[in-house]
Amino acid sequence: GNSVTQMEGPVTLSEEAFLTINCTYTATGYPSLFWYVQYPGEGLQLLLKATKADDKGSNKGFEATYRKETTSFHLEKGSVQVSDSAVYFCALFSGGYNKLIFGAGTRLAVHP
Amino acid sequence: NAGVTQTPKFQVLKTGQSMTLQCAQDMNHNSMYWYRQDPGMGLRLIYYSASEGTTDKGEVPNGYNVSRLNKREFSLRLESAAPSQTSVYFCASSSEGEKLFFGSGTQLSVL
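Protein chains in written order, with the working numbering: chain A, 964 to 1075; chain B, 7 to 117.
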């Protein structure tokens, strides 16, 4: 079945460091891929998405490229801020199941 | 500007007690979802409703029931709470199924 695997956290970085959070997926067909972010005490909110191979989603300085050949959708940011501290979830949407499937989440902590 | 509203925010139950978690959305979305979030396991789908009048099981439906009361409201009921149901519960809604809008969550403890 469809599934999403994320790197385990927590990821701890200093402010202005480069961020990569790995995400790989298993799916039939051509799913849409997403990154959601959960700030402390809040629900999840959509960060970015990509709907087909080689698409790049971007928002708030974060980027992720849909790589069909490696079944990956890694999240990157060139210079993180303390305000980026949150839990990040990779997810896929497969039309056949008509619902989102989430990874386990990766906690990011950014220190000044 | 409410979006998805969940109540209550916190709840403590004793084993065997029942309760209903309420969820309402004001975005005229067709689809609504209930997830639970547990450490190291991410979000797991309990039940979802693709449209008013329909509900379907997700990954972990056992011990739960749902009601899609109307287009706005989707409630989750625990008939006989168990400690394994201690979790954070999120309601979400969407129009086309891909972009979900989440409530702020209900933290439930079952003693």
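Heads up, some of the hints might be wrong.
Pair ranges (Cβ atoms, derived) [to be verified]:
1) 1039(A) / 16(B): 32 to 38 Å
2) 36(B) / 1044(A): 23 to 29 Å
3) 1075(A) / 18(B): 45 to 51 Å
4) 25(B) / 1022(A): 35 to 41 Å
5) 26(B) / 1016(A): 41 to 47 Å
6) 25(B) / 977(A): 22 to 28 Å
7) 46(B) / 980(A): 23 to 29 Å
8) 60(B) / 965(A): 29 to 35 Å
9) 1044(A) / 26(B): 36 to 42 Å
10) 117(B) / 981(A): 15 to 21 Å
11) 92(B) / 979(A): 35 to 41 Å
12) 21(B) / 1023(A): 22 to 28 Å
13) 16(B) / 965(A): 32 to 38 Å
14) 79(B) / 981(A): 26 to 32 Å
Derived by calculation from the structure, the hints in this document are not laboratory data. Model, not experiment: these values are computed from the prediction. Even for Gly, the Cβ is constructed at its ideal location relative to N, Cα and C.
Item to check | Hint check against the structure, violated hint numbers in rising order | outcome: 2, 3, 6, 8, 10, 12, 14
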